[in-house]
Amino acid sequence: MKFLKQHYYIIAGLLLITACKPDIKTPKPTNGAADFSRYISIGNSLTAGYADGGLYLAGQMNSYPSIVAKQMQTVGGGVFNQPLFNSDQANGSGYLQLAGFSAAGSPNLTPVTSNLAVRGQIAVPGFGNVTLYTKYTGDIENYGVPGIKLLQITYAPYGNLNGFYERLLPQDAPNNTMPYLAFITAKPFTFFSNWLGNNDALAYATSGGAGDVLTDPNTFAALDNLLIGTLTAKGAKGVVATVPDVTSIPYFNTVTVGAIVAGVQQANPSVKGIYINALVSGTTYAPRLATASDLIVLTFPTSKIGTPVTTPFGPLPYGLTPYTPVDNQYVLDENEVALTRNHVIAFNSTIKSVAAAHGLAVFDAYTFLNNVKQYGLVVDGVGFNSGYISGGIFSLDGVHLTPRGYAIVANQFIDAINAKYGSNIPETNVAAYPGVKFP
Amino acid sequence: MKKYLLLVLALMPVLVFAQGFQVNLEGEKQIGMGHTGTGTLQDGASVFFNPGAVAMLPENYVQAGISPLVFMSEFNPSNSNATFRTANKIATPFTFYGVWGPKNSFWKFGLGIYTPFGGLTDWGDSWQGKYALESLDLKTIFFQPTLSVKLTDYLSIGAGFVYNHADIDLHQAIPISNSAGADGQGHLSGTGKGYGWNAGIFFKTLSGVTIGLSHRSGVSTSFNGNAMFSVAPSVQGNFPSPNTFTSKVPLPSTNSVGIGLYPSPNWTIAIDANEVNWDVFKNLSFTYAQKSSTINTTVLPQNYEQAYTLRAGAEYRGCPKLALRFGGGYATAAAPADFVSPQVPDANRVYFTGGIGYKIASHLNVDASFEFEHLLARQTTNAYTQLSGTYETNVYIPGISLSYHW
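Going line by line, the protein sequences match chains A and B.
Here our numbering is used: the first residue of the first sequence is 1, the next is one more, and so on.
Here our numbering is used: the first residue of the second sequence is 1001, the next is one more, and so on.
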């Protein structure tokens, strides 16, 4: 019986072990050489959490800086206030949602127009109409302003020209005189992220090269030096991101010349192609047949092709003759693409050299998003690419990201920060964020 | 509007399942002795461990046992301090053996029913790897009639035929959000069957040491079953459902060698070495009856490698009615580092076992065992899912069996 007794002890011991789960020793979060106690984010629509063609509460909640800030809180990060729309005006500026697909597979987008935060509109002489939104009066750490260019950070009247900026300022338009740079640096901070510069190229590109101009690279360099110099003047550390190749986004790569021509040829096999008004040099444009190197914008109403247009030679089909080329605003032609790309490359060279001079971390969004386009990306069992809707990263506007896309970008920022400052901010769980919502 | 835009969903709902999912629970006496049994004679479980030894058994046996197990796995994603754990579900490997032959005959017939492969992992629907797996329940039941013949007093051989009946049930999230932001779901359930054989040789040496050699063949198991995909209605057309699938899973062959040592009348010491030929598991394919651009035939490389185990155990009989057993072993992983998946987070493993046998009546024995198995922490990035992180697993397996012998 001695042995039986002994066995009872063994049984008891084994039962105790049964309670033990495996316990992986996870790496301890540390802040390294950086202080995250007040982190501010500077940037444009991507920073604000803009998605699906609008700024709205659900998008703001999933902005990449808010994700980064939440992860920073494990290593001493402080509160991160965003200028959120309140819940009864949750749809903010309004946005697009997917209502379904046509039989042929084309997405059917409908605007959301209820529960907006629009408070009115003012006409600014010499500029146009500016939509005004419900003011936000609380503390702000996310200074992302949709539409802002680096070019505009020192422009005092800017608070009267951009409704998304105006809503953050105490004064009503047209009485604002606070430049963006002064606004973001009014309160002390310890860490910043900066992702300005996209609109210095994107606004030109999305307007087909017709409605805006590219920022001069020398002006860009001067302003970037001023911005980073000001942000780091009191010892704050930070991370900056490069400007993506704006011509690689779904906005320019979904509706293609080839697809349009193939569609027209189904009805009329004699059609050779579509005519566009293309940049020759300087400001000279001339009509020519479009090639695969010419980018058509996502919003081009393709049903216009072939509809009669009144000309001095009588009615001619839209887009199908040199006398009726597709309007400039719908096409970023080959020369405009090259101009845009060269500017982005120049901007990024500036961004990287200024960051290096100030010892800042860099997230190379240009390289990252180009790699996604070229090779795709797989994260936790989900395959992503830069396709429109199907790619999983870009939202319904073909320019901005889905919450899942912002989470991927947030992890890229975190990796860049960790690599530079020896910190160990944990990455977020990308699978916890939704992609495009399908009805 | 954009009538020339066609949408092709290019997401990745590939079904990957894998691993060193061999379950080594084929007899309570043998579990107690560290899963040894190729080179020793204990009871009817020799049908599994070494068909060649069955004819040497001194008695006839009818026995049944069960080893409910809890597989507790934890995952820590790379560059994160988050951890995710499996639910504590209980799998139930079982055994049944019958061995019969006329008294003092040169032959015996055996029947074994046992569950040599399987897995039960449930990570839930909100963990980081949900698009790789939410839950898997894989069961195999082998039916093995066996004939064993004693050629001399010192040498016997035997062989058996194996029929495998298998069940699979797998849940996986699909990365398509519906209007409420919730994932789609994929669910595969089906049954499989396969055939194999096994054979063994058993020697009693003049010095008293016993030696066994056995081979269990591979069992290529063909599954077919139903596939259900539930996604947002507007893209349901890309996921034909209900659907059916077929799949082939090659279960590996195993070569074993074992010896039994008897240093005193009270002691039995057993040592086994096994080679599990997981390298047959090169690919896993799924073929769907209704295909679409998204749901299509998938062939997934697994690139498994041969795995080895070394096992040792001992039994002590201090008094006639009571046996105490203990043992342990070490097993190498079958999955290479870039093919480890949450289905069964394979890794090198160590295990320790203990057991007790008690003679309730002259023909009736009860045997209990307990095993603690630890899969060493393993850092991995899956080549398919890019799910990257560290797995660590503990397995707890109590077991009990009754055997009637005459």
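It cannot be assumed that every hint is accurate.
[To be verified] On the chain B side, residues computed to face chain A include the following (Cβ under 7 Å):
| no. | residue |
| --- | --- |
| 1 | S1080 |
| 2 | K1130 |
| 3 | I1176 |
| 4 | Q1236 |
| 5 | P1240 |
| 6 | P1242 |
| 7 | T1390 |
If you are wondering where the hints come from, they were derived from the structure by calculation, not from laboratory data.
Remember, predicted model here, so these are calculated numbers, not experimental data.
Ideal Cβ placement from N, Cα and C applies to all residues, glycine included.
(message) Quick check on I1176 of chain B please, does its C-beta sit within 7 Å of some C-beta on chain A?
(response) This hint holds: I1176 of chain B lies near chain A, its Cβ roughly 6 Å from the closest one there, short of 7 Å.
(request) Against chain A, run the beta carbon of S1080 of chain B and see if the smallest gap drops under 7 Å. (result) 5 Å, holds
(message) Holds or violated: the hint that K1130 of chain B contacts chain A, with Cβ atoms closer than 7 Å.
(response) Result: holds, 6 Å to nearest chain A Cβ.
(request) Double-check T1390 of chain B for me: the hint is only fine if its C-beta lies closer than 7 Å to a C-beta in chain A. (result) 5 Å, holds
(request) Would you settle whether the hint for P1242 of chain B is holds or violated, based on the nearest Cβ-Cβ distance to chain A being less than 7 Å? (result) Violated, because the Cβ-Cβ distance from P1242 of chain B to chain A comes to roughly 20 Å (cut-off 7 Å).
(request) Go through the hint on Q1236 of chain B and say holds or violated, using the shortest Cβ distance to chain A against 7 Å. (result) 9 Å, violated
(request) Against chain A, run the beta carbon of P1240 of chain B and see if the smallest gap drops under 7 Å. (result) Because about 16 Å separates P1240 of chain B from the closest Cβ in chain A, which is outside the 7 Å limit, the hint is violated.
Going down the numbered hints, you'll see the structure goes against 4, 5 and 6, while the others check out.
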